[in-house]
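So the sequences go chain by chain: A and B.
Numbering of the first sequence is given in the numbering used here, commencing with residue 1 and proceeding in unit increments.
Numbering of the second sequence is given in the numbering used here, commencing with residue 1 and proceeding in unit increments.
Honestly, the hints are just simulated from the structure, not real lab data.
Keep in mind it's a predicted model, so treat the numbers as computed, not measured.
Where a beta carbon is used, it is the ideal one built from N, C-alpha and C, also for glycine.
Take the hints with a grain of salt, since some may be wrong.
Chain B residues, not near chain A, derived (Cβ > 12 Å throughout) [claimed, not checked]:
no. : residue
1   : L5
2   : G182
3   : L186
4   : I202
Taking lysine to aspartate or glutamate and the EDC-like style, the derived pairs with C-alpha atoms no more than 16 Å apart in a straight line are [claimed, not checked]:
no. : chain 1 : residue 1 : chain 2 : residue 2
5   : B       : K212      : B       : E83
6   : A       : K156      : A       : E213
7   : B       : K212      : B       : D86
8   : B       : K11       : B       : D74
9   : B       : K212      : A       : E134
10  : A       : K135      : B       : E216
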Amino acid sequence: MYLPYVMYLGFFLLAIGWVWGLGFAPQDAIQGNSYRIIFLHVPASIFAQLIYFFMAVCALMHLVWRVKLAAYLIKSAAPVGVIITFIALFSGSIWGIPTWGTWWQWDARITSTLILFIMYLGILTLHSSFSNLEKADRLMSILVVVGVVNIPIIKKSVDWWSTLHQPASITISEAPSIDSSMLYPLLVSISGMGLTLIALGILISRLYIFTREKNKKWVQNYE
Amino acid sequence: MFNLLFAEAFKLRHRLRAWLGPLLIMVLVLIAFPLSIDVSQYDLNKFYFSIIVISLLMISFLATESIFSEDYEDGSLEQIYLEEKDFYKVALTKISIYVFFIGIPMSLIGSVFSFANGVSADELPKIFVVLLFSTLILFNLFAFGSALSLNKGAMLGVLVSLPLTLPVIVLLGRAVRTIQYGEGFLEVLALLLGVGLILMAIMPLIISATLKTHLE
Numbered sequence: 001m002y003l004p005y006v007m008y009l010g011f012f013l014l015a016i017g018w019v020w021g022l023g024f025a026p027q028d029a030i031q032g033n034s035y036r037i038i039f040l041h042v043p044a045s046i047f048a049q050l051i052y053f054f055m056a057v058c059a060l061m062h063l064v065w066r067v068k069l070a071a072y073l074i075k076s077a078a079p080v081g082v083i084i085t086f087i088a089l090f091s092g093s094i095w096g097i098p099t100w101g102t103w104w105q106w107d108a109r110i111t112s113t114l115i116l117f118i119m120y121l122g123i124l125t126l127h128s129s130f131s132n133l134e135k136a137d138r139l140m141s142i143l144v145v146v147g148v149v150n151i152p153i154i155k156k157s158v159d160w161w162s163t164l165h166q167p168a169s170i171t172i173s174e175a176p177s178i179d180s181s182m183l184y185p186l187l188v189s190i191s192g193m194g195l196t197l198i199a200l201g202i203l204i205s206r207l208y209i210f211t212r213e214k215n216k217k218w219v220q221n222y223e
Numbered sequence: 001m002f003n004l005l006f007a008e009a010f011k012l013r014h015r016l017r018a019w020l021g022p023l024l025i026m027v028l029v030l031i032a033f034p035l036s037i038d039v040s041q042y043d044l045n046k047f048y049f050s051i052i053v054i055s056l057l058m059i060s061f062l063a064t065e066s067i068f069s070e071d072y073e074d075g076s077l078e079q080i081y082l083e084e085k086d087f088y089k090v091a092l093t094k095i096s097i098y099v100f101f102i103g104i105p106m107s108l109i110g111s112v113f114s115f116a117n118g119v120s121a122d123e124l125p126k127i128f129v130v131l132l133f134s135t136l137i138l139f140n141l142f143a144f145g146s147a148l149s150l151n152k153g154a155m156l157g158v159l160v161s162l163p164l165t166l167p168v169i170v171l172l173g174r175a176v177r178t179i180q181y182g183e184g185f186l187e188v189l190a191l192l193l194g195v196g197l198i199l200m201a202i203m204p205l206i207i208s209a210t211l212k213t214h215l216e
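Please model the entire structure based on the sequences and the hints provided.
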C-alpha cells in the first residue's frame, strides 16, 4: 500500500541529493569536479554490501527456521545486488580515470567488490540450476552464508592492504572526514538510493512470491 | 573413524583418474609455461610462482571435482545418509585423504618445479609448506563447490567456489613476496595455517548440510 510513496520519496531524495551534489556542492581542492561521482558511487558501494548482508541474514533465517519467505527475499534481492554492484564498479572505474589515470587497478577493494559481483551472479546461477525449487532455496542459502566472508574483506580491504583506494570517509564510530557541504548531499543521496532500492526489492519480491505461489489458493483469490 | 579413513584411501587409490590425473596435468602445465615464453627476456624465477599458484588453484579444483559425485552416483552417499544421517565424518575424511594423497604430491611438484626454474634450494621448504597449507584451504573450498553442484557438472562448482578462493590467492601472493624478500614469512604462514584449520573444522559441517539437502 505504501510502496509507491516509498518509491517516490526515494526518487525525490535521490534527485535532491544528486542536484545538490552535482550542482551546488563546492569543488574538491585536489580532485576538482571529478569527485562528484561519489554521489552515485558511494551509495551504490554501500548498498552493494548491505544487500548481501541482508541476504545473509535471510539465508540464516531460512536455514535455521526454514522461513520460506526468507528464501524468496534472497532470490529477489540478488538481481538488485547484481545491478547495484555493477553500478559501483562502473562508477568507480569512471572515477579512476581522472584520479588514478586508469580505468582499472587490481586493487584489494576493487577486486573484492568484483568478487562480490561474481558471487551475486553465482548465487543466481546456482538457484536456476535446480528444478526442485525448495532444494535450490536451501543450497542458495548455504552459499550466501558461506559467501558472507567476503563482506568484511571488502570493508577492511583498504586497511589490511596498501591500496590506491581511499579509506572510508564516513564511519559509524568516528566523525566523518568529509566536509559538511559535501557530506549532506551525500547522506541525502544514500537515503534516496536506500528507499528506492527497498521499494524495488519489495516490488521484485512481490512478483516473485506470486510466481512461486501461483498454484496456491491465496494467490488465486488475491485481488 | 580409522575404518572410514582406510576405506576412503582405498577408494581413492583405485580411482587412478582422480588422483594421478590432476598430478600429471599439473606437471604438464608447469612444463608448458616456460616453453611458451622467451626466458631470455624475463627473470623467470620472479614470476614463476604465479603460474604455480594458478595451476595449484585449477588442479585443486580438478582433483576435488568428483570428490562426492561418484559416491552420489553409486548410491554410497544415500547409504551413509540412511545409516548416520550426517556427512561430517565422511567429508572430513575425504578432504584429509585428498590433501594427503593429492595435496602433498602437488606441493612437492610445485616446489621441485620452482627449483628447476631458478628458485634457490634454501627456499624450497618454505615453498612446500606454503603450497601444502594452500591446498588444505583450496581443497576445503572446492569440496564445498563440488558438494553444491553435486550432479550439475563442474562448471557450476567452479562458478560458486572460485570467488571464495580469491582471497586465498591474495594471501598466497603475500606469502610468495615474503619468501622472496625474507620478512614476515612466519606470520603469513601462521595465517594460512589458521585459515586452513578453521576451514577444516567448519567446512565438513557445511558440506554435510549441503549433501543432506541434495538427498532429502
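For each hint, the structure was consulted:
Against the 12 Å criterion, L5/B stays outside the reach of chain A, whose nearest CB is about 26 Å from its own CB. The Cβ of G182/B lies farther than 12 Å from every Cβ of chain A, with a closest approach of about 19 Å, so its non-interface assignment holds. With a minimum CB-CB distance of about 18 Å to chain A, L186/B clears the 12 Å threshold, and the non-interface call stands. With a minimum CB-CB distance of about 9 Å to chain A, I202/B fails to clear the 12 Å threshold, and the non-interface call is violated.
About 13 Å separates the Cα atoms of K212/B and E83/B, which keeps this hinted pair within 16 Å; it holds. Proposed proximity of K156/A and E213/A is contradicted: the alpha carbons are some 40 Å apart, above 16 Å. About 7 Å separates the Cα atoms of K212/B and D86/B, which keeps this hinted pair within 16 Å; it holds. Taking the CA atoms of K11/B and D74/B, the gap is near 13 Å; set against the 16 Å cutoff, the hint holds.
A distance of roughly 13 Å separates the Cα atoms of K212/B and E134/A; the hinted pair therefore holds under the 16 Å criterion. For the proposed pair K135/A and E216/B, the alpha carbon gap of about 9 Å is at most 16 Å, so the pair holds.
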